[in-house]
Amino acid sequence: MDHDPIIKVSELNKSFGDIHAVSNVSFNIQRGEIYSLLGPNGAGKSTTISMLSCLLEPDSGDALIDGFSIKTDPMEVKKKFGLVPQDIALYEDLSARENLLFWGKMYELRGKQLHQECDRVLELIGLTDRQKGAVSKFSGGMKRRLNIGIALLHTPPVIILDEPTVGIDPQSRRNILDSIMDLNRQGTTVLYTTHYMEEAQEISDRIAIMDYGEIIAGGTHEELIKIVGELDRVNLTLNREPGKDIDPLLEQWRALDGIKNLFSEDGKLALLAEDSNIILPQLFESAASHNIRITSVEIQEPNLEAVFLHLTGRALRDPGVNHESA
Amino acid sequence: MKVLDLALKDLLRATRSIFALMMMLVTPLLITGLINFAFGGFFGEDEIDITLTRVILVNQDEPAEQAAFNAGSMLEEFLAGEGLNQLLEIENESDPEAAIQAVDNQEAAAAIILPPDFTTAVTGESAKTQIQLYKDPTLSFGPALVQDLLQQFIDSFSGSSIVLSTNEALLKQYGLSLAEQDQTQLYVQYANQAQARGEQLENQQNPEYVVTSLDSTEPQMNEGRSIIATTMAGMMIFFIFYSAASVAESIVKEDEEGTLPRLFTTPTSASTILGGKFLYMFLLMLLQAAILILSSALIFKISWGTPFSTLIAILATITAAGGFGLFVISFIQSTQQSGVVFGGVLTVSAMLGGLFTTGFPDLPAVWNTISLFTPHGWALKIWKTTIVGASPSEILLPFLVCFLFGIVLFTAGTLRLRRRFA
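Heads up: the sequence lines are chains A and B, in that order.
One rule links them: number in this note's numbering = place in the first sequence (from 1) + 8.
One rule links them: number in this note's numbering = place in the second sequence (from 1) + 28.
For the record, the hints were derived by calculation from the structure and aren't laboratory data.
What you are looking at is a predicted structure, and each value in this text was computed from that prediction instead of being measured.
From the three backbone atoms N, C-alpha and C, an ideal C-beta is built for every residue, glycine too.
Incorrect hints may have been included.
[Stated by the list, open to error] Here are the computed lysine-lysine pairs in the BS3-like style, where the Cα-Cα straight-line distance is at most 30 Å: (1) B:LYS163 x A:LYS120; (2) B:LYS156 x A:LYS140; (3) B:LYS30 x A:LYS87.
[As the list claims (entries may be wrong)] Chain B residues, not near chain A, derived (Cβ > 10 Å throughout): (4) LEU40; (5) TYR162; (6) GLY286; (7) LEU291.
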């Protein structure tokens with residue numbers, strides 16, 4: 009991996025009316041990297057991707073892909089990447105091969121080269137045997153693979169994937185993640201957006217965490233974990249009488265030394281603690297004094313979820329959850 | 029090149045849709061076939077015969093003994109003449125009540141009752157008289173034709189009276205006068221010429237019921253075939269407009285399916301992408317028109333006019349339909365709203381344009397005027413003119429109007445779509 013960034017993003021801004029979808033987003037991606045934009049729905053990931061793929065014009069700022077500006081050279085930029093959109097975008101009444109041939113022509117492939125690239129991609133996505141079948145008859149996983157294959161036809165130096173694993177089964181997700189890592193091993197730079205922490209953690213060389221249109225943290229997995237230090241995430245389930253107010257208990261817990269963050273999610277509680285071994289007995293004791301039982305305890309090593317919780321006071325998965333900061 | 033790739037992709041997709049093929053090609057032929065069948069035609073026959081319109085003539089005309097001609101007999105001869113005997117079956121009856129009863133019993137389409145002073149009245153020698161035309165209200169074509177012919181006959185005599193009066197006045201200025209025999213000869217001569225001219229005009233202006241002479245050396249469609257031709261033209265125009273709107277709708281559909289945004293991420297300009305859609309629209313409508321014209325010529329033996337005029341008519345229709353479809357679809361936000369366009373706008377505009385009433389010759393004049401406010405009406409006008417073998421110069425005006433409609437609506441629709449997808 010050299011140190012010449014293939015993607016340089018400088019202070020991108022985009023608003024829709026009064027909503028600032030993307031605010032001063034800047035990052036660089038090195039050649040051969042897998043770079044992930046991680047954040048909840050509505051964080052601005054897709055808007056950023058849309059600007060990089062020249063679908064949206066930024067209000068201000070610019071980005072260079074392989075040296076070409078998205079503002080001044082959009083046609084050159086479009087030759088440098090292949091986009092895998094979040095939703096499947098295929099002509100379902102055409103066959104897999106007809107789809108690939110058409111999209112290949114849009115990427116300016118012709119004649120023998122076009123057919124060779126189609127064969128290569130069909131082999132890569134494992135659809136050689138089904139190439140003449142109508143896409144409408146394909147399973148969801150097969151459509152996803154073809155959706156990705158189209159972006160690979162012109163062997164671009166950059167692949168941009170916008171949440172490609174949303175709504176698919178675990179096996180197809182596994183195949184897609186493996187394919188992305190294979191592509192990366194062959195030298196393709198990957199820009200990946202997801203709201204699944206595990207995916208970002210597994211495949212990425214570097215990760216940018218986005219929230220409310222801003223990048224709130226960025227770096228390698230290890231660098232990001234350091235933000236929360238050695239904090240443990242402790243998940244608790246309480247058994248309480250219906251209608252019983254737990255606020256006095258939560259107030260007491262917030263006052264304890266060693267608790268950095270406390271929030272409730274789906275009826276469960278989560279907190280960040282400096283040392284779970286010290287804090288847990290205190291939690292049990294105070295719960296008992298309020299006639300509330302702790303029925304389950306889960307201790308997690310520091311991860312990106314904890315980082316997001318630490319930085320925003322909210323869970324990564326659902327931006328709308330009820331949260332309470334310590 | 030990419031424009032062609034985009035257009036060919038959409039054409040390929042169109043061939044995969046059974047529904048689209050049915051709507052584009054089968055339905056117009058099917059509807060025309062049903063109408064053909066209703067008129068007694070059969071696909072494999074060389075000729076289509078219209079059921080003769082049975083007319084009962086009660087000729088009570090009693091010209092004066094010294095009268096040089098008998099207008100009642102002339103009318104009888106006129107209606108039973110060589111051209112009209114393919115359309116009308118004339119039966120003489122002496123009792124007016126019996127004639128009216130026959131129409132009431134639907135044994136005849138109309139009854140003409142000539143008064144005893146018919147000849148005297150048409151020569152202007154007596155006060156006004158009244159000819160009674162009793163029509164079956166459930167029929168449209170036959171009685172309307174009889175009324176038209178009767179009016180034409182009467183008009184010819186009115187014209188003769190004017191000619192005679194003018195002649196008399198002119199000769200009087202020079203102190204001259206015409207002998208009574210010469211006056212009668214001039215009167216009858218003018219009336220005959222006027223009737224002949226009337227037939228000629230019927231051929232040109234009302235192709236719904238073309239009256240042709242069997243002596244004609246030009247191969248022409250018979251009357252039934254002419255009705256089928258205009259019906260087919262109406263159906264073809266309607267479904268070409270439908271296809272144009274479908275193509276325009278496919279832009280919105282592709283946007284919803286994500287393939288349009290994906291196209292915008294490829295190194296393909298927005299102009300090329302829209303250009304591809306327009307080329308697809310043009311090719312699809314051209315193919316549709318060509319297939320419908322050729323197949324209807326084979327199945328219904330329709331003569332569409334000279335190849336050049338037909339080509340001009342196709343281009344006019346395609347331009348008008350393309351512009352109209354694009355303009356109308358530019359107002360919808362999603363394909364869920366397109367039902368309103370297909371079910372409402374397209375159908376109502378086609379109705380106003382007269383596409384569904386091609387077989388009704390006696391529509392009010394205001395109806396024809398309204399139709400000229402729609403591109404459909406002008407498209408129908410150009411086809412009606414082309415079908416009767418008009419020369420390219422005669423179809424120039426409807427062509428220009430269709431073209432203008434198309435260009436204006438196309439520009440407006442394109443601007444709206446560009447603004448939306450920019």
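| Does the claim that GLY286 of chain B lies outside the interface with chain A hold up, using a Cβ gap greater than 10 Å? | violated, 3 Å
| request: Decide if the proposed pair is consistent with the structure: LYS30 of chain B and LYS87 of chain A, CA atoms, cutoff 30 Å inclusive. | output: It holds: about 15 Å lies between the C-alpha atoms, which stays within 30 Å.
| message | Verify this label for me: LEU40 of chain B is non-interface relative to chain A, using a Cβ-Cβ cutoff of 10 Å. | response | violated, 7 Å
| task | Would you mind confirming whether the straight-line C-alpha gap from LYS156 of chain B to LYS140 of chain A stays at or under 30 Å? | result | violated, 83 Å
| query | In terms of Cβ atoms, is chain A entirely out of 10 Å range of LEU291 of chain B? | reply | violated, 6 Å
| query | Are all C-beta atoms of chain A more than 10 Å from that of TYR162 of chain B? | reply | At about 60 Å from chain A, TYR162 of chain B clears the 10 Å cut-off, so the statement holds.
| task | Take a quick look at whether LYS163 of chain B and LYS120 of chain A sit within 30 Å of each other, Cα to Cα. | result | Status violated; Cα separation ~74 Å.
In summary, the numbered hints that this structure violates are 1, 2, 4, 6 and 7.
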